[in-house]
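Work the whole structure out from these sequences, hints included.
Chains as they are written, first to last, in UniProt numbering: chain A, 1 to 137; chain B, 1 to 118; chain C, 1 to 162; chain D, 1 to 89; chain E, 1 to 507; chain F, 1 to 937.
Hints are not guaranteed to be accurate.
Stated by the list, open to error - In the EDC-like style, the derived pairs of lysine to aspartate or glutamate whose C-alpha atoms are separated by at most 20 Å in a straight line are: (1) F:K153 / F:E104; (2) E:K442 / E:D376; (3) F:K538 / F:E155; (4) C:K42 / F:D845; (5) F:K153 / E:D376; (6) E:K108 / F:E763; (7) C:K150 / C:D140; (8) F:K101 / F:D198; (9) F:K101 / F:D152; (10) F:K183 / E:D376; (11) E:K442 / F:E155; (12) F:K538 / F:E894; (13) F:K153 / F:D294; (14) C:K150 / C:D70; (15) F:K101 / F:D447; (16) B:K61 / F:D441; (17) C:K150 / A:D115; (18) B:K61 / F:E894; (19) F:K183 / F:D294; (20) F:K101 / F:D347; (21) F:K153 / F:D447; (22) C:K150 / C:D128; (23) C:K150 / C:D89; (24) F:K183 / F:D198; (25) F:K153 / F:D354; (26) E:K442 / F:E894; (27) E:K442 / F:D152; (28) F:K538 / F:D294; (29) F:K101 / F:D441; (30) F:K183 / E:D410; (31) C:K150 / C:D138; (32) F:K153 / F:D542; (33) E:K442 / F:D542.
Read the hints as simulated data drawn from the structure, not as lab findings.
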Amino acid sequence: MSVIADVVIAALLLLGAGFALIGSWGLVRLPSTMERLHGPTKATTLGLGALLLASVAYFQTRLGIWTAHELLISLFLFITAPISANMIAKVHLHRVRIGAISEPDSIAGPPPRPDGEGDWATFEAPRRDNPASTANS
Amino acid sequence: MSLEFLVASAIAVLVAGGIYLALRGRTFQVVLGLTLLSYAVNLFLFAIGRLIVDRPPLYAKGVVTHADPLPQALVLTAIVITFGMTALTVILSLRSFLESGSDQVDGDAEPVVREDAA
Amino acid sequence: MNRLLPHPALSAMLLIVWLLMANSITVGGIVLGGVFALVLPKFTQPFWPDRPRMRFGRAFLGYLGIVLLDIIVANFQVAWLILFRRNGDLRARWLVVPIDLTTPEAITMLAGTISLTPGTVSSDVSADGRYLLVHALDVDDAEAEIARIKTRYETRLQRVFA
Amino acid sequence: MIGIALHIAAGCIALALLLNGWRLWRGPALGDRIVALDTMVINAIALIVLIGMIGGNDTYFEAALLLAMVGFVSTIAYCKFILRGDIVE
Amino acid sequence: MTLVDHLPVAPIVLPAVMAPVTMLVMRRRRIVSVALSFGGGVAMLVAALALFAMVQDDAIRCYALGAWAAPFGIVLVVDRLAAAMLVLAAVLALVVLGHAVATGADRKGWHFHPMFHFQLLGLNGAFLTGDLFNLFVFFEVLLIASYGLMLHGQGALRLKAGVAYVVVNIVGSALFLIAMGLFYGLTATLNMADLAVRVAALGPADQGLLRVAGLLLVTVFALKAAVVPIHLWMPRTYAATMPVVAALFAIMTKVGVYAMIRTVPLILGARAGAAAWVPAPYLLPAAIAGAVLGFVGVLVARGMREQAAFAVLASTGTLLMAVATWREATLAAALYYLVQATLAGAALFLVADATMRRRGQYADAIVPSPRFAGQDATGLLYLIAAVAAVGLPPLAGFVGKLLILDASYDAPGWPAIWATILASTLIGVVGFSRSGSTLFWKAAPPGTDPVAAPARSRADLAAPLALLALLALLTVAGGWVTVQARAAARQVMAPDRYVAAVLGHGR
Amino acid sequence: MILLFLLLAPFVAVVALMATRDASRRLHVTIAAAASAGGLAALLSQAGAALSGRMPMVTIAWLPTLGLDLALWLDPLALLFAGLILGIGLLVVVYAHGYLKPGEPTARFLSFLMLFQGAMVGIALSRNVLLMLVFWEMTSLASFLLIGFWRDKAEARQGARMALTVTGGGGLALIAGMVLLGKAAGSYDLATILTRADAVQASPLYPAILILVLAGAFTKSAQFPFHFWLPHAMAAPTPVSAYLHSATMVKAGVFLLARLWPVLAGTEWWFGIVTVAGLATMLFGAGVALFRHDLKAILAYSTISQLGLMVMLLGFGTGAAVSAAVFHIVNHAAFKAALFMHAGIVDHETGTRDLRRLGGLAAIMPLTATLGVLAAAAMAGLPPLGGFISKEMMLEESAHTLLAGQALLVPMLATLAALLSAAYSLRYAVALHFGERRTGDVAAPHDPGVLLLAPPAMLAMLALGLGLLPMTLAGPLVAAASAAVTGGAAPDLHLALWHGINPALLMSAGAVAAAVLLLACYRPVAALAARVPAPDAKRLFDAAIARLVATLRRLSGALHVASLQRYLAVLFAVALTLGIEAAVRHGIAAGDRPTTSASPVAIVAWFALVAATVAVVAADRRRYLALIFISVIGLVMALAFIHLSAPDLALTQIAVEVVTILLMLLALHLLPGRPPRLSAPPRRLHDGAIAAAGGLGVGWLAWAMMTRPERPGISRFHWDNSYSGGGGTNVVNVTLVDFRAFDTLGEIIVLGIAGLAIYALLEPAARGVAGRRLREWRSNDRHSPERHPMMFVMATRLLLPLALLVGSYVFLRGHNQPGGGFIAALIFSIAILLQYLASGFDWTDQRRKFGEHALIGAGVLIAAATGLGSLVFGAPFLSSSFGYFHLPLIGEFELATAMLFDLGVACVVMGAVLMALAQLAQIAQRAAKAEAAEEPS
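Printed below as a string of structure tokens:
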């Protein structure tokens, strides 16, 4: 039992740390900001998730403490990480649009315009009475 | 390399950076310098209790090795006070800039006419 | 009932979070957590006007399961891309995803899901709130990917936010 | 075994932190720096969890939780500053 | 414990309660708030006097906060010196408060009354505490309250000077923490009495660190006391401050001196090894330079507030000359001088205020102005205040200087002390007579703009008058005061009694 | 008691005069005259006692520790001097009544005069040398005020300042001399000192004492070369000149020499200095007086000369010379005061004091002329006036005085001085009253009223009487006073006009004859004298002071520039120097505590920290980047705290970091983006050197400390008592809220004050200059139009209750696990700030139910009240109490008063943080609103 648990824990640890490392490596090697943005999501989700699971299992098997609060960390990260990514993407879009020197386009090129009238929210304040503008209510 | 050396050298670097920035001529840099300086001082005060790894000062019967709780309490107090001071300094320097039109720390309050190259 | 417990789901969530934090299940803990679970939603009511109705039934659980599964799978895919794909061979794309969800909460949830599954990051919403701008790291067929997002996530979310 | 795995994991995270640091220092885009900082926070959380496991106590959990909760606040603030200048309006 | 036993904590609790109360009430009822503020000031004076009466039996009282005995908890220690400083602060505060209300200065900005009481809290805490870190905390309290007061009324000049003042003191606080950290690292204690015992027991390997700690600590106090050459921040800060606030600040530099008097004989006294009397060789030249520069500043100042600030600098220098010899007799003289210098400095600022308010656009600039209402009255007050500040008979300044001269005879470097005191006084006399005759005698040439100040009530003359009356009282009752000062100095110079009182006789 | 009355009467008059400031001149004069007359009467009532050796005395302890007592006595010398002061004072008061023009503030004038009189009486009566100093300096002060009485005249102000500078400065020297004298004699009691001549003269301090005392006396008595202030003091109203600058104050120096004669005189030093100074002054004054044309200038220089005479006599060191000096004091007071008043009358009536514009007054102002001639004759030393007798005595004494081994030197010079004195006196008498009629500005001047005439007339009569009936009028007094001066028995004094033909008579007669001759050929001599270079003392003095002030102002200005950079550089330099001094002297070696080896992770973290610090410094003007790097430092700090067993610190660090960054970003928004560099490379190098040295210093201190073994200290107690005594297992938290709760109280007060100060700073920022600048402010950057990104807003709405829950949890468990009120409050604040960030200021502000002021106030009050609560139970302030309670179903739980205290902490922290950020966030908007309100258009 304990050997199996040990193996599982070790595997989870290595998996988590590995993903965190890969995420950061992606941050370094991917070609432009938008691509690099994909890196951290790895570290956040599976990487940290695996580590947290390992922690839960570790404390359970080693110290006999049933701790589950590591899961809360994941909960918070699941709420916050997409927001961070979204905001950073907005920064990127904005900086590209105003032609900042140090801001190369994504290798995907400039973003297409949405099909309807108007533009993306970063470039045009959302009008009232649509979902994107509820914040102003 | 020992942990003690790392901490001491980190303090040295922070203090040096802090002093250098504090001696600059604009309020924002000075504030940054004070921030660095306060990091250094907090670390210094903390280090005064000697370094203990992974033995937090949470009381349990029979535990004998633990970090010295007192410097930690002192650092906590110092952090809070520093925060208050920093907040005041930031806002004061901003207000001073708004009032005089110059964010330089030196000289008298006469508005300085200068062209910002930025 | 409504006045006492305006947001049962939120209250339940808070209670669970509380118990997780406390790391133990005791009567005292439940009582204390219960108090917070009752008080906090009321207290924060003004900060969240028009809280949407959600169904936390099977639809929601199914959605969660699919998302978790996708996260794991996509993680490996992206890891592969990062490690072994040369930059020049990356087929990064912008995807414009039309959305049918109407509440901001739902759109946010969809966008969050897209971001959480590696390989896609939702970058922006259109000013009229009907399109989502998604950046994909390596996509062969943009249309297919858009369709996948819509069927896999959006339809399920529509059921949750009924 | 777990001990070795823990240390390998810590090493990985440390390496990851270094990589983040490099990107942070290098830029070139402001977005890159913010991503790097955000990732650093994530890796720091991972490191805290690992430190907790190595030390064998879970008193560090709050720090990790707090970092998860508020780390993103500064990220957002940095972004908002670029986007809007005024972060509270 | 009866209520009397709790008296030592009263000077801290009273303002701690009064400040938030005045703040909360001020938002609705100004009159009530001002009345409360005054009530708080009076209560504090009463408490201080009660403590002063209490220590007349020569016993040192120790109040263990939270019932944690020294050295483990924080203690307040009331000895003669602390009690006297409390009284001084309370008296000065009451006068300043009266002036602020009478002139409406408290309405020139936000939160005057709460800041004022917080300021007193910081001062009182610094006087009473027997714990090094707690001293730091109270220093911070009094500093941050002083920032608030210093910026009261605002204006570009004040804000600019405020930035420098705040930054310099923050750096000073950092130094304080480093010094305190060194002490803790060496002795693992924070209680000052305990520190004294443990410092004396340090081995030879630690002497270097001990000396650094001592020097840095004194440097911090010297910064607060505006000792040359780290006084540079002071003249401009005080000159840019509202005079009524600056009058209260007259005691702020003295807090630095107080801290030196408190800590040096106790912790860095004869038994402190390499740190024994560690500031002595540096303090005397610095004090001499301070007295000279201060009176030179009085001579060359272009405004009354600047002049008053330099007068404070000079008085600190004179005071420190006496302190720097670390002898009982000179210390007693210094204590007398401290009281008078505080009151005289404050009086100069208040007179400057009264004058400024009458001179309209000429404000406090030392230039001839057209005749203004109340010229004679303010001129007379200025004369008396200047006499007190410069140390001419018959006011207490002269007595103070005489005491210092008498007591410092035979001390190391006494000819230098004497020469400085006398020569700097002469410079001061020249300075004050020049500025006084320019301000109050000389009339602006015809054709200059008339003074546009509206006629004002004479209420703003009351406070300076009160201070001058106090100075006169200090002169007349000089015998009693010197006896008190002597007794206080004796207590300070006998640290064993302090240690015994704080740590109990068991040790 | 009478002595006390004597001393106090003038001061009482001062108070009375000030109180009746607006009353009539008559009342003022009455008050002053009554004080003088009353004093005089009191004095006379004691005269018998004083002369008969039953010396009236009074001693009231004042400063016993210093040896400064209010000790008064009335020995014959004091009697003589006090009599002069009060008598002439009375006459001057009467004279002033007539002299001052209508509308001039008599109350002020007379109160200054009375102040002076009191001080002079004090000098005379003091039996304590320190007490005498008090009065001594007071006379300088009173003289300053009186000379400057006509404040609109430049020469009055300058003369006043010069007099104060010289006499005040001399007084300071005198202070030193007196204290040293007291030290040498072992007492400040004059009676004691006078008996200790041997001890004093044997003391190595004797020369210093002598020089310092003489400096005081000579400046006061206008001895060469300190004489120059006296002629310029003549800018004072004439009563003042008559009183202070001829009869009394200037004699204080002479009095002092006489007073200290027994203890100081009789040595080579004394004789050499005093005699020569007196002789030189006598000659110089007389010489200058001869060639002046302003009446008061003539009198002023003559006064200098006469003072020199007295000083010289005291310098001789013989009893007879002392008698001569004492007698001359009386004579001089009589005739010189009369002459000044006379000059005043002439000035008053003719409008000028220029001798060249006056003449032949005897015909039109007979009474005035009579008394003028009489007094001038006394000054000339003509028989049968008192001046003649004292001059004879002087010549007699000088005749057998050797100076520098020369027997003839002193007599010849003395005769020359007598010659000159006679010459200027006769010139004054003759040129003014006889010859061609010149009446200045007025066509027909006439004798003044009795008020002006009576005082000088009485003095002139006295001068005459002193010659005719010297033994009756002055004999006993002079004898007794001389005895008091010499400290011996009363000398065998014989004052008479005729002593037979002796050398003195011959010298005197020769001198008068020569004087007449000199006057006969005055014009050529005057032309000759005009060629003698005469440095204008006033101009020199003023120029010297002006140069001094200019130089000092430049130096002081260069030192005290408004430069924070300098303040800090000096502060760092001082700290460094002192640190290095200690290190060099005693060495700071590292200790021998075993070090902990660092893990690779730690090294990486260290590297990140160092790199980030370097980056912050390098990015200095790219402020936004610098902030990002600061974030990294904060993160590493938090990790370090966790690694090094300080979870509470880590939590605090993380939370504070976020708030700080928000604050700085808010401020950064309003600051210029990338300002030009300010400092040149040398400056940066210099700063870099200071920084490097400082860093190394502090780093080494830390290293030295960390490598030393721990010492047993008070924290062991904290550890042991945390649970049993403080009711918590988190020792750090128990320390904060219990062992050292007082620190925490102070700390939250600091935060609270910071909040209030910030409010006070920002509340008015929307108005005035700052408000205008805010409104005009436009960012250079282009911004996205989107204010509230939808996803962000939604997420924060969900996060708010969650964050509040976490905060509550951290708060409740703080006592036992990492956490506590401070961290909880920061979490609460961040949760609310997040709403500001996401949904905007107005939106959030409307929904927030509590004000920051209330939070801060309530927090401090809660904390203080918690502390006070323990008083009810008879425990000291801030004593904590806790208990474990059991409730059915819920189980055991703990309640501690410390938690209530912690609640106070939380309130204040939250209030202060919200105050800082929310206020800062809204100023731009508020400025815009203020504009809208100001300009309705």
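Pair hint K442 of chain E and D152 of chain F, alpha-carbon separation not exceeding 20 Å: Holds, at roughly 6 Å.
Regarding the pair K153 of chain F and D354 of chain F, is the alpha-carbon distance no greater than 20 Å? Satisfied, since the Cα-Cα distance of roughly 19 Å is no more than 20 Å.
Is the straight-line distance between the alpha-carbon of K61 of chain B and that of D441 of chain F 20 Å or less? The hint is violated at about 108 Å.
Are K101 of chain F and D447 of chain F close enough, with their CA atoms no more than 20 Å apart? 17 Å, holds
Can you confirm whether the C-alpha distance between K61 of chain B and E894 of chain F stays at or below 20 Å? Holds - the C-alpha atoms of E894 of chain F and K61 of chain B are around 19 Å apart, at most 20 Å.
Given the hinted pair K153 of chain F and D294 of chain F, is their alpha-carbon gap at most 20 Å? 18 Å, holds
Straight-line Cα separation of K442 of chain E and D542 of chain F no greater than 20 Å? Holds. K442 of chain E to D542 of chain F sits at ~17 Å (cutoff 20 Å).
K101 of chain F paired with D441 of chain F [C-alpha distance capped at 20 Å]: Holds: K101 of chain F and D441 of chain F sit about 17 Å apart, inside 20 Å.
Are the Cα positions of K101 of chain F and D198 of chain F separated by 20 Å at most? At roughly 55 Å apart (the allowed maximum being 20 Å), D198 of chain F and K101 of chain F break the hint.
CA of K150 of chain C to CA of D138 of chain C, is that 20 Å or under? 18 Å, holds
Sort out whether E894 of chain F lies within 20 Å of K538 of chain F, counting only the CA atoms. 86 Å, violated
For a C-alpha distance cap of 20 Å, please report whether K183 of chain F and D410 of chain E respect it. Satisfied, since the Cα-Cα distance of roughly 10 Å is no more than 20 Å.
Hint compliance for this structure: hints 8, 10, 12, 16, 19, 21, 23, 26 are broken, all remaining hints hold.
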